[in-house]
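Participant: For reference, the chains in residue letters:
Number of protein chains: 4
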Amino acid sequence: MIVVMKTGSSRKDITKLIKRIEGFGLKAHVSEGTDHTVIGVLGRVFSEVRDALELFPGVEQVVPVSKPYKLASREFHPLDTIVEINGVTIGGNEIVIMAGPCAVESEEQLLTAAQAVKAAGATVLRGGAFKPRTSPYDFRGLGETGLKILAAVAKQTKMPVVTEVMSPDQVDLVAKYSDILQIGARNMQNFVLLDEVGKAKKPVLLKRGLSSTIQEWLLAAEYILNQGNDRVILCERGIRTFETYTRNTMDISSIPIIEKVSHLPIIADPSHATGKWYLVPPLALAAIAAGADGLLVEVHPNPDLALADGPQSLNFDTFRLLMSHVPPIAESINRKVADPSKKTKP
Amino acid sequence: MIVVMKTGSSRKDITKLIKRIEGFGLKAHVSEGTDHTVIGVLGRVFSEVRDALELFPGVEQVVPVSKPYKLASREFHPLDTIVEINGVTIGGNEIVIMAGPCAVESEEQLLTAAQAVKAAGATVLRGGAFKPRTSPYDFRGLGETGLKILAAVAKQTKMPVVTEVMSPDQVDLVAKYSDILQIGARNMQNFVLLDEVGKAKKPVLLKRGLSSTIQEWLLAAEYILNQGNDRVILCERGIRTFETYTRNTMDISSIPIIEKVSHLPIIADPSHATGKWYLVPPLALAAIAAGADGLLVEVHPNPDLALADGPQSLNFDTFRLLMSHVPPIAESINRKVADPSKKTKP
Amino acid sequence: MIVVMKTGSSRKDITKLIKRIEGFGLKAHVSEGTDHTVIGVLGRVFSEVRDALELFPGVEQVVPVSKPYKLASREFHPLDTIVEINGVTIGGNEIVIMAGPCAVESEEQLLTAAQAVKAAGATVLRGGAFKPRTSPYDFRGLGETGLKILAAVAKQTKMPVVTEVMSPDQVDLVAKYSDILQIGARNMQNFVLLDEVGKAKKPVLLKRGLSSTIQEWLLAAEYILNQGNDRVILCERGIRTFETYTRNTMDISSIPIIEKVSHLPIIADPSHATGKWYLVPPLALAAIAAGADGLLVEVHPNPDLALADGPQSLNFDTFRLLMSHVPPIAESINRKVADPSKKTKP
Amino acid sequence: MIVVMKTGSSRKDITKLIKRIEGFGLKAHVSEGTDHTVIGVLGRVFSEVRDALELFPGVEQVVPVSKPYKLASREFHPLDTIVEINGVTIGGNEIVIMAGPCAVESEEQLLTAAQAVKAAGATVLRGGAFKPRTSPYDFRGLGETGLKILAAVAKQTKMPVVTEVMSPDQVDLVAKYSDILQIGARNMQNFVLLDEVGKAKKPVLLKRGLSSTIQEWLLAAEYILNQGNDRVILCERGIRTFETYTRNTMDISSIPIIEKVSHLPIIADPSHATGKWYLVPPLALAAIAAGADGLLVEVHPNPDLALADGPQSLNFDTFRLLMSHVPPIAESINRKVADPSKKTKP
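Protein chains in written order, with this note's numbering: chain A, 82 to 427; chain B, 82 to 427; chain C, 82 to 427; chain D, 82 to 427.
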């Protein structure tokens with residue numbers, strides 16, 4: 082951390098500040114500039130220290146130098162993390178397609194969807210049993226019944242499933258029936274929940290919060306990693322901006338940024354990022370071209386009959402059309418798409 | 082809800098659409114325009130209906146007309162809600178000042194702070210026992226020990242206390258020791274938690290999420306009201322924008338907007354909105370002038386020794402200076418500040 | 082336009098409103114709903130009408146139905162606009178690469194850059210002579226000297242050039258020396274300048290404003306089209322959000338949206354969108370995959386010696402590497418990259 | 082400026098970097114940290130230098146220390162700037178109210194408005210002759226005819242007038258007929274226009290851009306100051322956020338921030354900030370309470386007949402009601418409102 086003193090700060094202020102820094106068990110290193118004196122602070126700095134120094138008389142600015150996340154950083158862990166789930170690997174050379182309906186509605190609906198997306202090239206099945214909804218009056222999912230359907234369809238189609246967990250006390254239940262625990266965007270900073278999935282034995286798919294910076298997102302991952310769960314998959318799903326045409330704005334740059342600063346895999350969810358089905362295919366292809374390790378796509382047998390998120394769901398035909406474009410894009414950047422016929426639950 | 086058809090949509094599309102609307106148990110009312118046919122949809126409309134109609138062939142746009150929240154709306158409940166807590170009333174003519182440290186650190190720290198803020202004019206004590214922190218490495222609060230200190234100081238100073246609850250399974254515990262349950266900004270859409278505090282017998286202070294629209298905020302309140310808890314206090318604490326000088330941008334207009342569209346009381350938290358102590362007094366006065374029913378202000382005996390949020394905490398002198406300006410501003414708009422010597426716990 | 086009346090609005094209010102609508106030469110069409118009366122307004126509606134009706138007693142909400150832009154809309158002009166400049170076509174099947182340094186610094190610098198980017202596959206040369214700079218103390222470009230260098234290098238390399246015009250009285254000068262007039266993001270709503278380039282005989286490259294919605298962007302294009310210049314090329318260059326890692330956030334979804342709602346070509350500028358050279362290649366490929374008609378990329382012989390925007394400029398090697406990936410991505414979506422050896426100034 | 086090297090950067094990188102810094106005529110001062118070597122750069126740093134250093138091998142981060150604006154900073158000019166216009170002073174203890182219609186429509190309309198706002202307490206008249214409009218089809222103002230009406234009404238009512246100038250070649254014309262040149266939000270970074278009003282002999286009212294940081298706003302002021310015009314008045318008018326209830330979000334914190342970091346006066350425009358007339362009075366009072374030096378308010382004899390911005394204009398009654406609350410709020414913070422009967426054109 083670096084402390085920049087105000088122009089004209091007194092010798093006395095500087096001496097007091099150094100004493101304060103040393104009081105935290107840290108070292109101070111002073112450099113005199115033409116306009117400003119600058120003090121380097123050496124040692125592990127917690128946010129309380131930063132807060133305290135900002136308030137000191139004569140201090141102009143406190144500049145953090147070290148990144149606040151460690152376990153999630155590539156500096157700490159230079160090699161890519163590859164998450165393996167029942168033969169499917171996420172974060173390696175292969176691109177993984179996760180697809181399925183927004184909400185589990187019935188076994189028939191889910192099975193039809195699972196068979197169709199697998200036939201088209203998906204290797205992981207998605208489907209929501211607990212649904213976070215902006216309004217209390219909207220359909221909130223089938224709950225445990227939905228989880229049981231997910232598990233049954235997963236077994237039948239030999240696909241691992243990803244599904245959302247919304248509350249710390251649901252973690253065991255959801256982990257029992259599914260293969261990947263999803264943390265939704267609205268829960269990205271639900272710290273009690275992050276701690277809890279950090280203790281689970283299942284991989285976690287962590288969606289980016291609607292107004293989260295990349296650094297905050299990685300700090301949320303840090304919560305999970307810090308509890309000992311090192312199988313975290315990040316998912317870009319759009320951030321909130323002033324643009325009203327789309328539900329959110331997909332921050333395509335987060336994909337190469339995460340690849341640079343972190344070792345964790347990153348996938349993209351163009352369905353939630355846009356809220357409109359006809360924008361899903363171009364954004365899905367863009368995400369692959371930008372280096373995403375996979376896609377999370379909503380597909381429904383009958384989007385216009387869906388109980389949730391119909392307008393952003395692809396039907397089987399549009400999903401198949403999208404999937405026909407994915408392999409050549411992947412090959413253009415020397416990657417390939419995971420083959421569902423080879424990646425199956427034992 | 083209104084459905085606007087595309088220019089040139091066919092008679093067949095319109096007929097099919099009407100059938101679909103009626104299939105939801107709703108009525109359709111068609112008006113032919115020069116460019117567009119417009120169909121009014123009569124009856125209670127759920128979001129699934131909207132989603133389904135958006136996908137219909139020939140549909141250009143679906144426009145919601147009714148507000149999606151009901152219990153929180155002024156139309157439904159024209160008179161102001163006044164929340165009463167141990168003799169303190171929030172949402173009436175009196176302006177209520179809630180003040181205290183960000184985090185409870187010790188009984189001595191909290192008691193000193195409580196006595197000082199009460200002497201300066203505060204009627205409710207704030208203090209955090211469970212602290213949501215962006216980084217897992219920062220101080221997360223004293224937990225139940227903190228709650229016990231809060232309860233002890235509350236008793237001694239005869240002030241009701243407000244403190245944050247972060248998780249559904251903490252609700253009973255926090256309710257046992259405190260008078261107002263605070264839902265933090267990052268949990269505004271933690272729907273399981275909202276349901277749970279909706280079942281509690283204590284008033285709830287609901288902070289606005291960092292990237293929440295006013296409508297989403299009122300829908301979060303609707304979750305609580307819908308569980309039978311009608312004592313909800315809203316709290317504006319800044320939204321996330323591109324400006325980096327302040328931690329957040331206080332949306333001062335939310336105060337008169339809430340007053341117009343809802344019956345719930347609204348207070349302002351200038352400490353979190355700005356992140357800088359010297360901006361707290363002007364923003365606090367601005368909030369009162371704009372019609373806020375109260376303030377939530379961080380005050381610490383020694384901000385530079387605080388374990389959390391030091392840079393945004395007032396010390397006792399600056400808090401007293403702020404409080405000297407509050408009554409004349411309140412009187413300018415025909416309100417007055419609650420008198421702590423009269424508002425005490427029995 | 083649709084006017085939604087408040088619940089409980091009076092018959093008298095509605096009668097007065099209809100009279101007012103008819104006073105504007107428009108027709109009113111009333112539908113009674115269960116909660117709300119809705120009035121359709123038929124005829125061409127200006128924003129003054131909308132403004133006036135919003136103020137009427139009993140009015141809850143005024144909803145525009147027709148899009149406010151016309152000449153820029155695909156409804157008005159269903160076929161793609163293809164802009165042709167000296168043999169280069171923009172907006173057809175071929176993808177066009179525009180590249181070159183941020184600022185023209187010298188004939189040697191520009192010529193070296195032009196030859197290198199052409200050899201690597203660029204067909205249009207970019208370079209700034211008038212530079213908008215946030216600070217008055219930064220390098221503002223060589224002005225007319227820069228334009229002359231641009232024209233000389235354009236002639237020698239047989240590449241059309243695109244360069245920025247910042248002020249209405251510069252339009253003739255810039256048009257004299259260049260082939261495409263660029264309107265920068267900060268001038269997207271400089272309406273006097275838009276009118277002026279609308280009268281010029283050169284194509285216009287219109288960058289999206291930092292905080293402009295897609296609708297405002299198309300209305301800015303409408304200014305140019307409305308003056309008779311139908312050769313407008315849109316350019317997505319990132320919008321301003323809360324994320325601080327990148328200079329701006331590239332709104333990748335604007336590419337397929339523009340393609341859907343407008344007939345104008347759209348290209349992407351990943352250099353300004355990110356502000357970091359190492360993010361340019363993945364975002365460039367993403368833009369192509371999402372359907373962009375071309376790229377605008379900053380390339381400099383020595384980015385670390387550049388007088389402007391060095392950190393976001395590619396050097397020749399990284400540009401060549403990027404260009405090696407563009408044709409296969411283009412082919413994956415059935416497009417191809419324009420061949421500079423065939424597209425030359427006569 | 083401070084350069085932070087990457088963990089593990091080589092001695093060779095550091096030596097090369099120091100050489101590069103010295104090549105710019107600057108001095109380097111090295112401090113070795115535990116994780117990072119930090120290099121202080123001494124001397125006047127232009128943005129090109131920063132750009133170049135960011136690209137150097139081994140560099141992690143470049144941190145600017147000095148503020149990029151100088152003439153606009155309070156460090157450079159500790160005393161408040163007070164702008165005097167025909168007896169009206171802006172930036173001193175008195176609060177100045179500027180009011181009038183959005184657009185000049187006729188002499189009768191303007192005169193009626195001027196007399197009414199003056200009688201209610203306004204000392205400066207506002208009115209637009211050149212109107213920036215998002216759509217080319219909206220009313221764009223009366224142009225020079227409007228300016229003549231403004232000058233005539235100014236003379237008759239003895240009020241100075243403020244009006245917008247949209248283009249460099251209009252500056253002389255607008256300056257001839259008016260007392261304060263207004264730069265609109267969309268032109269805040271129209272650098273050619275800023276230079277031009279910097280050369281004019283009239284004070285300039287500089288509105289904040291819709292997506293401008295406070296630092297960019299002060300750099301825009303720096304353009305004007307740098308041309309020799311030291312009479313700049315800043316005007317907060319709302320920034321663009323995700324909230325859709327209001328047209329913009331008024332950043333109330335910009336008022337005390339500007340007061341802290343700059344010597345320039347700052348006023349608030351609650352009309353454009355909100356876009357809704359009923360939000361104007363509470364936000365006007367909030368701005369005064371936060372320390373604004375004045376208000377810019379739209380007032381129209383008949384808002385529902387206005388040719389522009391009717392929904393955000395107050396009528397005479399609501400303006401008078403607002404004005405009845407302003408003096409007590411001002412007095413609460415030891416200021417007073419300028420008396421129009423004493424402040425008149427000679």
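Among the hints, erroneous ones may be present.
[Said to hold, decoys possible] Derived SDA-like pairs: lysine to any residue, alpha-carbon spacing no greater than 20 Å straight-line: (1) B:K87 to A:Y359; (2) C:K148 to B:P145; (3) A:K148 to D:Q142; (4) A:K417 to A:G168; (5) B:K100 to B:Q142.
Source of the hints: derived by calculation from the structure; they are not laboratory data.
Participant: Run every hint past the structure and note whether it holds.
Facilitator: Evaluation of the provided hints:
no.: 1; hint: B:K87 to A:Y359; in the structure: holds (17 Å)
no.: 2; hint: C:K148 to B:P145; in the structure: holds (18 Å)
no.: 3; hint: A:K148 to D:Q142; in the structure: holds (11 Å)
no.: 4; hint: A:K417 to A:G168; in the structure: holds (16 Å)
no.: 5; hint: B:K100 to B:Q142; in the structure: holds (18 Å)
In this structure, none of the earlier numbered hints is contradicted; all agree with it.
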